[in-house]
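**Q** As a plain string of letters, each chain reads:
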Amino acid sequence: MNNEQLKERILGLVPDAEFQENKQFLTFLIPPARLHALAQKLRDEEDLAFDFLFCLTGVDLIKQLMVIYHMESTRHKHQLVLKVQTEDRLNPAFDTVCDLWKTAEFHEREVYDLLGIRFNNHPDLRRIFLDEDWKGHPLRKDYTDEVNIVEL
Amino acid sequence: MKEADFRDNETLELFKKSGGNILLTTIDAIFDWGRSNSIWPLTFATSCCGIEMMAAGAARHDFARFGIEVYRASPRQADVIVVAGTIVNKMAPVLKRLYDQMSDPKYVIAMGACAVSGGPFFYNTYHVIRGVDHVIPVDVYVPGCPPRPEALLYGVMQLQRKIKLETMRSPRSTDDLLR
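Protein sequences, first through last, are from chains B and P.
All residue numbers for the first sequence refer to our numbering, where the first residue is 35 and numbers rise by one.
All residue numbers for the second sequence refer to our numbering, where the first residue is 24 and numbers rise by one.
The hints are simulated quantities; they were obtained by calculation from the structure and are not laboratory data.
There could be a bad hint or two in this list.
[What the hints assert, rightly or not] With a Cα cut of at most 25 angstroms, we get these calculated SDA-like pairs of lysine to any residue:
#, chain 1, residue 1, chain 2, residue 2
1, B, Lys169, P, Val117
2, B, Lys169, P, Thr148
3, P, Lys119, B, Phe163
4, P, Lys113, B, Pro172
5, P, Lys113, B, Glu144
6, P, Lys113, B, Leu186
7, P, Lys113, B, Gly150
8, P, Lys113, B, Val184
9, P, Lys113, B, Thr178
Given the structure is predicted, the values throughout are model-derived calculations rather than measurements.
Turn these sequences into a full structure, and let the hints guide you.
**A** This is how it looks when you write it as structure tokens:
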């Protein structure tokens, strides 16, 4: 499926998805509530068959927190990027996709560790890089550490 | 480095005038000659400096010419640990343990900006050790980001000079005097 067809197909599945122009990959910003259902369809339906989640990233946009999913179909050779964002900086949470793509389990733990974004229904949401007793999430833009960080 | 410079130890020789008898000096000379020409490094690299270190060991630069013969995979067989790369908070205890497991006499070369001072990670980071000398004592600092293999060779030759001035009576005496 080429990008035009794929775009129509996604908009058919989720009409309120927001298509983002001029990106390297075909990119959609979708409402967090629809994330898991859409991901399920993307993986399972024959003509989509996104069987490979090759990147899962967290971003701090200062106002919002965002999670970005890069996925690819190894059968149809097409790629897609989904973004979800929330303005809730105190308790940001999205649905996990690690029941669909196992690789997301570690990626989501990393995003949780460094940005403090929680993932609902994740089986083992612990810190992955930092120590268990670490306070805060260091990749947040508002993270401060008087002792260890030397400000430029 | 010119041969003449390498032979010129006058500045460091000044520190050697702390005493010592003739017999020991001669044995010292043999020991130092042996030690300085067979420094075996530990296989230890944490980032891009490691690539330069590998290049220094490979055919083009071939630091086996200077007796830095083989990389040892075990700290118990190594004489020098070349800290090639960034040391983060989680790596520091591992580095300390490796250093402790090495048998005396042991030496440390801090290679590259990260190992010398934290380098590009000095500011605005929460997890990087700002200079490996906070963890283990360093003999030679090699600046650069990363240093070329020639720079590492120069650093190793400086280490050899340092080893050549050691005495059996107190192996690190020149070091202590310099402090």
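**Q** Lys169(B) and Val117(P): Cα distance at most 25 angstroms?
**A** 23 angstroms, holds
**Q** Take a quick look at whether Lys113(P) and Pro172(B) sit within 25 angstroms of each other, Cα to Cα.
**A** 15 angstroms, holds
**Q** Within 25 angstroms, alpha carbon to alpha carbon, are Lys113(P) and Val184(B)?
**A** 19 angstroms, holds
**Q** Is the Cα-Cα distance between Lys113(P) and Thr178(B) 25 angstroms or less?
**A** 20 angstroms, holds
**Q** Does the alpha-carbon distance linking Lys119(P) and Phe163(B) stay inside the 25 angstroms limit?
**A** Holds. Lys119(P) to Phe163(B) sits at ~20 angstroms (cutoff 25 angstroms).
**Q** Does the structure keep Lys169(B) and Thr148(P) at a Cα separation of 25 angstroms or less?
**A** 15 angstroms, holds
**Q** Tell me if the straight-line CA distance from Lys113(P) to Gly150(B) falls inside 25 angstroms.
**A** Roughly 20 angstroms separates the two Cα atoms, so the pair holds.
**Q** Quick one, are Lys113(P) and Glu144(B) close enough, alpha carbons at most 25 angstroms?
**A** 16 angstroms, holds
**Q** Given the proposed pairing of Lys113(P) with Leu186(B), does the C-alpha separation stay at or below 25 angstroms?
**A** 24 angstroms, holds
Of the hints listed earlier, there is not a single one the structure fails to meet.
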